[in-house]
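> Each chain, written out:
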Amino acid sequence: MSDKILLNAEHIDKQFGITHAVNDVSLTINAGEIRALIGENGSGKSTFCQMLCGIYTIGGGTFTLDGKVVNVKNQVEANNLGISIIVQEMGTLSGLSVAENIFLGHEEPFMRGLIKDTRAMIREAQRLLDEYGFKNIRAGAMIDNYNFEDRKLVEIVKATYMKPKILIVDETTTALSQNGRLELYKIMDAVRADGRSVIFISHDLGEVLEHCDTISILRDGEYIDTVKSSDVDEDSLKRLMVGRDIGTAYYRTDYGKEISGEVVLSVNGVTIPGQIEDVNFELHRGEILGFGGLSECGMHEVGKAVFGASWDRQGSVKLADGTEITSIPQAIKHSIAYASKDRDNESIILNESIRNNTVLPSLDDLAEAHILKAGKLNKFAQEFVDKMQTKMQHIHQFVSELSGGNKQKVVLARWLGKGSDILVLDSPTRGIDVKVKQAIYALMSELTAQGKSIVMISEEIPELLGMSDRILIMKDGRINGEFARSESLSEEDLIAKMV
Amino acid sequence: MQNFKNSKLFGFMILGAMVLFFYGLFKFLTPTNFGSPANLFSYFQSSIIYSVGGCGLYFIVVMGLFDFAVGANIVLSSIVGVILSEKLGYIGFIIGCLGCGTLIGILIGFLYNKLNVPSMIVTVGLMLVFESLAVFVAGGVKQTLAPELRFFSGAPGNIILAALAFALMWFILNYTRIGTYCNAIGSNEFTAKNMGIDVKKYKLIGFALLHFFVGIMAILTVSYGTTMTALTGMSTMSRNFQPLMGTFFGVAFRKYGNPISAIVIGEFIIAIIFNGFVALGAPTTIQNVVTGAALLIIVTLTARGSRGSVVK
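Heads up: the protein sequence lines correspond to chains Y and B, in order. Just so we're aligned: the first sequence equals residues 0 to 498 in numbering that gives the first Met the number 0. Just so we're aligned: the second sequence equals residues 0 to 311 in numbering that gives the first Met the number 0.
Some hints could be false.
What the hints assert, rightly or not - Listed next, the in silico BS3-like pairs over lysine-lysine satisfying Cα-Cα at most 25 Å (straight line): (1) Y:Lys317 with Y:Lys332; (2) B:Lys192 with Y:Lys134; (3) B:Lys200 with Y:Lys72; (4) Y:Lys72 with B:Lys113; (5) B:Lys192 with Y:Lys162; (6) Y:Lys317 with Y:Lys3; (7) B:Lys7 with Y:Lys134.
To be verified - Reference listing, derived: stretches of chain Y covered by chain B, where coverage requires no fewer than 3 residues with Cβ under 8 Å from a Cβ of chain B: (8) 73-82; (9) 112-123.
Note that these hints are calculated values from the structure, not bench results. All of these numbers come straight from a predicted model, not from anything done at the bench. The C-beta atom is built at its ideal place from N, Cα and C for all residues, glycine as well.
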């Protein structure tokens, strides 16, 4: 890391209505540095970076990059000035080819007057993909033919091929498998070795400590401190993020709890062609059943299958009374809830209010002679978002304005309100800070104590070990191992069944 | 196997199979009245008129927009073209149709951007305006294209003009920014804006291109029918839907990378079904019911997303 200051942010400020998202933040980043930006959800990390790269306008203050003040209007302008971002959610566009996505807004080198040299563009995109080691991705193919992770890899190429001075990696690793993460770390290391810099946003503190040189902490939009990774550990970072000690109840501490013999859900011979095959398991009352595996192992499809969301599912999903679950409305009617990994696209209606998102599955219960009364809906929504301690202005605020963790709280508030007995939670703490994580884990324990049952699908092994009564590990679409909760159970035991 | 199922060839095979199926079905039901080579050529010639409009509509439908003024513009542009042809011959005819069509498109795009209301509302309002304008321009008289200006009324003129339109569409989609940006805006307008795309500009270009193609459709329509009568009271509404059916095919087969061939073959399939019922002697109402149902079935079978997926 050199002494040269590459980025100087002075008194950066941003308000959304009454919410002060970024409050007078000043920090500097040196050339050849990987700087982590950490903080709770809603602490202002993403907003800070999105102002730097033109997704949001700068509310106040100045960014100076390499000695020049920058105030960009959009990502293309940011790219041209040497700033790139890989965003948390889907950053590629459907309906375009891989090559079109990589060069979107940067077609100029391939333009011959008004005519685009499509072949040259595809050739160059393929060269880049091959160079990055993503040879399975074809530049001329439609992006829609690739899964979420491959699309993230395309996004990595898009954000880095121009060799930006500042590369922002905003909570990207949660979308990647271990291999994808390793590729991203390699790219980050290369950026640093080249004398350029990375701003790395992540809630995985282990990853932050391992791959970053320095760490800046934000809390409630305010700058708290910048520390060297070598000088801190996870606990001290958590303290800095939250402003107090995180209690010992981060994960469950009970072991040896007897699982109820009462089966509430039986999954028999469930197959989704090309995705999962002959999956069988039983879920017991008051149990947290964890599902783990590598990203393409099929565990996410199990969640959809249980919720009746897979149209080509074979086999059966039955409740204790023999009722077979074959559709989403039927699942909801029979007290099954589902929170998808793809929160923004599958769990939340972004351009709707917190209230309307919360009451959605409960409208039939709330209606009086088919008439919905606003007062009753407001009261219902307020009760459950308060219970989840959702950070918001009011219940009529659009969900799109909330941070990832608070969006997840709205999802959970919705199902709490519905009083669902079986909850299928796919990656429940994905992209969520430690404080909200703690709250979600506490809620899960509270729910199981009430006799509710949870299927928890997770890509985080510590979460599986820390929260599950039983763990099923999937590999290549099949269940490849089952573990009971135990203090002696290790990450290695689970990984051995995943790979 | 997965790659093959996403390939252009697979898309063509589905379309080809549908053509063969419907052709075979009607040939079996009415072997003498339907499906001779001459008949098929006739069906094809009538279908390419709608295919041209379908190509134009594709530019705005992929952006999530809609246009109810297509039919009104066909009428208005045809009338303007015929009137100009009386003084300037083919040049007046072509410039009248294309120029009027494109100007209308620019006007729609401009008003859509300025008014900031849904395209459906803007175009319904403008449809009524254009219908009245057409009556005014035509002076309440049926306009007839002079016999010496009917090169585009049949083969090879109509096929050449339509082929040029398809080639232009293919070129724009594959070799200009417009195709990429229209798709990008339709996929996620917010992200497209963040990529520096001037969304309003490309929506205006989309409407202008749509109505340029509508201008071509006007040339083919008035050449095929030789006359055009301006009517008010939303009577042009029905002209919107036949090209739109082709666009649905195009959007449905976009994933195979060949929307133009899907539009052209899709319109041909609709023409086969329609003419098949004519050959069977079915009443028009039944023909419309079955044609509409066939469209729904075909697009459902070919473009169905996975259960639970978002369909707009």
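> Determine for every hint whether it applies to the structure shown.
Structure-based check of each hint:
{"no.": "1", "hint": "Y:Lys317 with Y:Lys332", "result": "holds (13 Å)"}
{"no.": "2", "hint": "B:Lys192 with Y:Lys134", "result": "violated (30 Å)"}
{"no.": "3", "hint": "B:Lys200 with Y:Lys72", "result": "holds (17 Å)"}
{"no.": "4", "hint": "Y:Lys72 with B:Lys113", "result": "holds (22 Å)"}
{"no.": "5", "hint": "B:Lys192 with Y:Lys162", "result": "holds (22 Å)"}
{"no.": "6", "hint": "Y:Lys317 with Y:Lys3", "result": "violated (63 Å)"}
{"no.": "7", "hint": "B:Lys7 with Y:Lys134", "result": "holds (21 Å)"}
{"no.": "8", "hint": "73-82", "result": "holds (count 4)"}
{"no.": "9", "hint": "112-123", "result": "holds (count 5)"}
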